[in-house]
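S.K.: The chain contents come next:
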Amino acid sequence: MDELDETQLKNHVDSLKQQLQYNRDKTSVSLPELTKWIEEKMNEDPFLNPDILKDNPWVESSKCVII
Amino acid sequence: MGEMEQLRKEAESLKDEITAARKAVQDLTLQDHVAGTAVVGRVQLKTRKTLRGHLSKIYAVHWGDSKLCVSASQDGKLIVWDSYTTNKVHAIPLKSSWVMTCSYAPSGNMVACGGLDNMCSIYNLKGKDGNVKVMRELAAHTGYLSCCRFLNDNEIITSSGDCTCVLWDIETGSQKTVFAGHLGDCMSLGVAPDFNTFISGACDFTAKLWDIRDGQCRQTFGGHESDINAIGFFPNGNAVITGSDDASCKLYDLRSDQELITYQDSGIMCGVTSLAPSLSGRLILAGYDDFNCNIWDSLKAERVGVLSGHDNRVSCIGVTPDGMACCTGSWDSFLKIWN
Numbered sequence: 001m002d003e004l005d006e007t008q009l010k011n012h013v014d015s016l017k018q019q020l021q022y023n024r025d026k027t028s029v030s031l032p033e034l035t036k037w038i039e040e041k042m043n044e045d046p047f048l049n050p051d052i053l054k055d056n057p058w059v060e061s062s063k064c065v066i067i
Numbered sequence: 001m002g003e004m005e006q007l008r009k010e011a012e013s014l015k016d017e018i019t020a021a022r023k024a025v026q027d028l029t030l031q032d033h034v035a036g037t038a039v040v041g042r043v044q045l046k047t048r049k050t051l052r053g054h055l056s057k058i059y060a061v062h063w064g065d066s067k068l069c070v071s072a073s074q075d076g077k078l079i080v081w082d083s084y085t086t087n088k089v090h091a092i093p094l095k096s097s098w099v100m101t102c103s104y105a106p107s108g109n110m111v112a113c114g115g116l117d118n119m120c121s122i123y124n125l126k127g128k129d130g131n132v133k134v135m136r137e138l139a140a141h142t143g144y145l146s147c148c149r150f151l152n153d154n155e156i157i158t159s160s161g162d163c164t165c166v167l168w169d170i171e172t173g174s175q176k177t178v179f180a181g182h183l184g185d186c187m188s189l190g191v192a193p194d195f196n197t198f199i200s201g202a203c204d205f206t207a208k209l210w211d212i213r214d215g216q217c218r219q220t221f222g223g224h225e226s227d228i229n230a231i232g233f234f235p236n237g238n239a240v241i242t243g244s245d246d247a248s249c250k251l252y253d254l255r256s257d258q259e260l261i262t263y264q265d266s267g268i269m270c271g272v273t274s275l276a277p278s279l280s281g282r283l284i285l286a287g288y289d290d291f292n293c294n295i296w297d298s299l300k301a302e303r304v305g306v307l308s309g310h311d312n313r314v315s316c317i318g319v320t321p322d323g324m325a326c327c328t329g330s331w332d333s334f335l336k337i338w339n
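Going down the list, the sequences are from chains U and B.
Under UniProt numbering, the first residue of the first sequence carries the number 1, and numbering increases by one thereafter.
Under UniProt numbering, the first residue of the second sequence carries the number 1, and numbering increases by one thereafter.
By construction, these hints were calculated from the structure, which means they are not laboratory data.
What you were told as hints is all true, and nothing was included just to trick you.
No farther apart than 27 Å at their CA atoms in a straight line, the calculated lysine-lysine pairs in the BS3-like style are these: (1) K15/B x K10/U; (2) K46/B x K57/B; (3) K9/B x K17/U; (4) K36/U x K300/B; (5) K126/B x K88/B; (6) K67/B x K128/B; (7) K88/B x K46/B; (8) K36/U x K23/B; (9) K67/B x K133/B; (10) K36/U x K26/U; (11) K67/B x K41/U; (12) K49/B x K54/U; (13) K54/U x K67/B; (14) K15/B x K26/U.
Sequences and hints are given; from them, build the entire structure.
M.R.: Here it is as structure tokens:
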């Protein structure tokens with residue numbers, strides 16, 4: 001903060017005033033919603049559900065054939 | 001002299017008020033909330049493809065869709081890869097080889113890059129004659145370009161060593177909005193899934209959430225003890241993940257405006273260079289200076305896997321939009337596709 005001039009310092013204070021006004025939710029509300037979202041999505045997560053990667057576009061599905 | 005001192009005191013007092021406001025809404029911690037949840041099982045991802053072709057350190061990679069990605073190397077090239085076949089769709093020579101970032105437009109029509117030239121160069125991949133040419137050079141930053149991300153074919157956001165981020169109009173080449181407020185080099189940025197906000201991580205050890213349309217900083221997150229090198233939105237848009245030179249990653253909740261948890265281990269002593277969440281956000285993949293990439297259980301903060309295979313620093317990582325694979329880029333000049 002020492003390198004700021006007066007205008008920058010004023011802007012810094014104004015920004016902090018704005019940030020203080022932010023409407024914060026209680027963690028008892030936001031955390032259960034966050035974990036619920038994650039848990040519902042985990043079934044579709046290819047890194048956690050091996051069935052999804054049965055069709056793996058980066059793995060050759062057939063062997064090479066010499067013609 | 002008195003005015004400055006007054007302002008500094010006011011800033012400190014406001015910071016204390018924000019800290020108190022955060023504490024006041026903390027009626028549950030993440031650790032307590034997931035105390036009964038089991039850690040996910042060991043995650044073992046294998047290298048499925050190695051993309052060879054760059055002749056020097058790779059600094060950035062970005063997926064365009066779930067097949068094509070663009071990479072930037074200090075060999076002075078941007079390469080667009082078909083990751084399924086490992087073919088190079090485009091190999092674009094750059095005016096400046098000191099590139100630090102690249103981005104693929106969501107439409108697939110353009111790519112962008114920039115670095116020590118302080119500019120963001122936009123390339124049109126779908127030109128009429130089939131040649132890839134520079135479409136626009138966005139110049140105004142007074143420091144290096146650390147990161148860039150397209151909002152659409154006409155708007156891109158850049159972060160810079162000059163401590164600002166900028167929203168550009170690509171057509172006119174002009175700065176629409178300058179996001180000023182960081183007190184150190186901006187190192188990385190991420191755009192929210194709904195495109196209304198973006199986050200920036202900087203060398204002032206903080207992450208900031210910005211409203212794209214009105215240019216205001218809505219939230220600032222501290223806690224790291226060194227430069228933030230990597231930042232990303234959690235897939236649902238309500239949380240932010242950061243990676244730092246302090247060897248840790250952190251998860252911040254946007255709704256309650258606070259730090260939730262730190263991902264660190266006494267055995268890890270080197271900086272985090274890059275990170276990406278898996279599709280569900282349950283896993284966080286983070287690249288480190290020690291050549292590895294660690295996979296973290298985001299809720300339990302335990303390491304559940306490691307991607308080893310690079311012979312030098314992992315500088316960048318990205319997960320495909322459909323979550324089917326991740327790509328790591330390294331100073332060893334190779335990119336690897338894992339799943």
